[in-house]
Amino acid sequence: MAGDPYRDVFIAEARDLTAALEQDLVDLEGKSGDGELISRIFRAAHTMKSSAAMFGFPEIASLTHAMESVLDRVRDHVLAIDAAVVNTLLDALDCLRQMVNEATEGTSSDHSEALAPLCERLLQVAAGATFGPAAVSPPAGVEPKVTTYQIHLALNDDVFFQGTSPTLLLDELATLGHVIEVRCDTSRVPEICEIDPLKLYLSWDITLTSTAARTAVEEVFLFCRNDGDIHIAELTDGPPASPCPCTGSPAAKDGSAIPVAAVATGVQEGPASTAPRLVVAPVAGRALAAAPRPVAPLAPATPPAAISPPVVATPHPAAAPPAAATPLTGALAEGAEATGLEAVAKLPADDLEILHDFYGESAESLAAVEEKILALEADPTDLETIHALFRTFHSMKGSAGFLQLEVLGKLAHETENMLDRARNGALLFDDNSIALLLTSIDLARGLNDNIGAFLEKGAIPADATLRHLRVGDHVAMIRRFLAGARPVVEPPKPIGKILVERGAVAPADVGEAVTEQLAGSPNTLGTILVDKGKVTPEKVGEALAEQRAQAVQPAVQKTISAIRVDTERLDAMMNSVGEIVIAQSHALKLATEMEGEHAERLQTALYEVERLSRNLQDVVMGVRMMPIGPTFKQFARFVRDSSRELGKEVNFVVTGEETELDKTVIEKIGDPLKHLIRNSLDHGLETPEERLAAGKSAKGTLELKAAHEGGSVIIEVIDDGHGIRRDKVLAKAIAKGLVAADQEVSDEQIRRLIFQPGFSTAEQVSALSGRGVGMDVVKRNVDELRGSVDIESEEGKGSVLRIRLPLTLAIIEGMVVSVSGQPYIVPVLAIVESIRPRPQDIQHVAGQGEVLFFRNEYLPLYRLYEWLGHEPRVTQPEKGIVLVVEDRAGRRALLADDLLGQQQVVIKNLEDNFTKLPGISGATILAEGNVALILDLLGLYDYRQAAAGGVVA
Amino acid sequence: MKRTKRGELSLPNNLTVERAEGLCRDLQKVAEDGGDLIFLGDRVEAADVAGLQLLVATRAMARAAERPFAIQRPSTVLRDALVLCGLGDLLEEKR
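Taken in sequence, the protein lines are chains G and L. My numbering numbers the first residue of the first sequence as 335 and each following residue consecutively. My numbering numbers the first residue of the second sequence as 77 and each following residue consecutively.
Mixed in with the good hints there might be a few duds.
Straight-line distance between alpha carbons at most 27 Å, and here's what the computed BS3-like set of lysine-lysine pairs gives [stated by the list, open to error]:
#1 G:K967 <-> G:K1131
#2 L:K81 <-> G:K533
#3 G:K997 <-> G:K1008
#4 G:K1062 <-> G:K365
#5 L:K105 <-> G:K533
#6 G:K706 <-> G:K731
Calculated directly from the structure, the hints in this document are not laboratory data.
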């Protein structure tokens, strides 16, 4: 299967999902009440399960199914989240990651031995058991009461005409909990030759266990409670467990993903009372709900065409227009019954007048809202329009209820629900939801036309029945849409709340305005408050701007799409763009040496090419940029596990996760960061007892923070622990002979000591740190990334470990220097200062060679022409230029002939074509077209020191 | 509703109340035409109680006439709808 693009896509997604799952699972422990988080975790497991089964990874499908079983119970509030639940899920995730990694590498091993007990463990967790010494019993009272409901559902045979869909009712029941049993009485179904296809003949007895209250079960039948025989009885307690396919069910063996496929039903025809009771395998209600829907599927991703099926004007016999217009009397009842107008036909004369008004107002408002919906399509965040639409449907629902127009009321109610979600920020309108709104308008208009025809002509339109039938489906579609819709935005705060928070109005004033609005005021909340003199229009404008800012940002994010590109291609593109920039610079240089009118025009054209090629270079650089968030988040698990091991309580905080830097830098920064975090956890943060004794909270804070600063990225590891203990560092340094006992040591020197190889103040070597191999490795790694690392610390208050990194490794800011007539590039980051020294600043020290007296410090002076093997041109430092540089080996001075200028250079790797040269990190092409080598100052120093028989730092 | 070369009857993609009348007419016709009532359900994309009870009615006729009845290769949508409505036994009916 290697090279199968779909499989590759699955693997790439699976890697992303496992990474996201780890972070979310770690978060789950501290946010057990976060329904959205739980749903997100469930969806990730569910997506992996489905995709794995589809792409031929049955073991992944089995494991994710077992995880899903646990998450299903968590989501249903049947299972409380505790350490044992999270640990089990994390163990499963580790196994999952291993399987995904093997899939990535194209290797495979038999996981059945590990998988079966793991799935069994998950299943037992799902059933409520806990494991291991770390298991924490759920606090008393957390487990909600599970009730078994016995529901008898025998609807009238004309319910299809009332817009009621029994399928939807059964589906909604399933979402409330676990359907244990569905008995369908088919005894009244006639043979096909005698059946009326628009009558209902079936009835049901359903056994459901659920944590939902009885009112929630009753609510399922809210709109059909008068349409038949519906009984709800509460029986006994006791939730069933979900079956696990890993333990031998057929689903596990063939990798099929949907548990309902394993459910066998066998209801026999005959009266319900005499039919053999069928006990079906327990079905997870949520899993069933997550399965493809039985009715015309509608998910948010469904194309609009699927949402609005074309109207087929097939008149039903019952809806056929009467041969002659009939006066508005009881004689209309027959036609009215088929269109939900039977109640209208019985209205007293006074109410008929109201019905007339209702018809006229509805026609007007429906015409107006269609325009509003189209406006909403252009700006889905327009809260004013959403509020206006909400009020329209809210009013329609109220009037329809009064006039007993149940179908119209139902339609308005569901549409209002959708708009309510939108105005609370839980739904951002897109093509699908707009299509649903437009269909609501069409159907409402059609139902209103029925009323109009009924009132004015006493006749029923030919397609009236069909409209009623469509309302049922449409309502089902809206409900499904809302069930599947995820809030794409953090709900923007209501305008009233913003005004109160800003101190512009009192909460009581907002309460009054809301009451007025609900009572039918056509004005917005802001207008009402302004009219009452409670707030100025300016304040409302500011609040609206804040609200809009909250809503717009995620809308933009939603439209972002991505493709995966091989980084080698990006590197090749970067290389080519770099060469374009160089070639263009060369061409421009040549053009500037030309004279005449054509030369000037050529120069102008080349300046434009320069601008464009620089832009192109920036764009390509941007493509390589990635946010550091995922790297940060992967440490959440590490912090969690490590802090437990150390017996410390840690609040892990991540900020600036959107900060972008080059992919290569991100890939290489993981290890140094891990060392720093480990160091802070082990040496920085105190145990809860120590913290309490120091007057701090028992829980320490460890923050990972990223931010841009100039052309660099600053990453900080901040802890609020005890800080660096200067006396301990000094004592250790004296013991190691790094400083003399009577030597005065500055804070700067103390900080440098920490990065010395083998330096550790830890009294005990722990599994995490204390061997002194951490901080020097950090410095070495960061140096290799052409960055720097520093520490700030305040005793008793904490430390900040700060890494400064270049945005990219592909381009450096270089100083072009001349050495014996040859250009070389020295990274600007390493240069402290460039000076032309006075003759008296250069001295010879016996045994140490030349030194430069620089800012009260003697620095060793090296001549680059000697190091690089050139014939000397400038031998007297006062006639050349001296670069004072600093890196891991300390400060030193380097003599060059001259400075030629500073410029950004694109690094070209030499190692593809040449042997690695010590002291040379790459090459670049200058504007003149000549090649300049880029110096690796530390490598060059180490090489020369080793060659001279010195000690390499 | 046409028969395949093997004599199976392919169910339409929509088995909902909106198409119930047309479906009923089709099923009545195949019932009158005689022959086995072996349906293929792989094309079904939407189904609800109105459509499903027509299949129950067809089976009732098949049983009375002692004619074979089966629904083969049900789509996931059809299978889920049958299970949801407690009619999963329709899938177990054999020749």
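Verification of the supplied hints:
1. G:K967 <-> G:K1131: The hint holds at about 25 Å.
2. L:K81 <-> G:K533: Violated. K81 (chain L) to K533 (chain G) sits at ~34 Å, over the 27 Å cutoff.
3. G:K997 <-> G:K1008: With a Cα-Cα distance of about 18 Å, the restraint between K997 (chain G) and K1008 (chain G) holds, given a limit of 27 Å.
4. G:K1062 <-> G:K365: At roughly 39 Å apart (the allowed maximum being 27 Å), K365 (chain G) and K1062 (chain G) break the hint.
5. L:K105 <-> G:K533: holds (19 Å)
6. G:K706 <-> G:K731: holds (19 Å)
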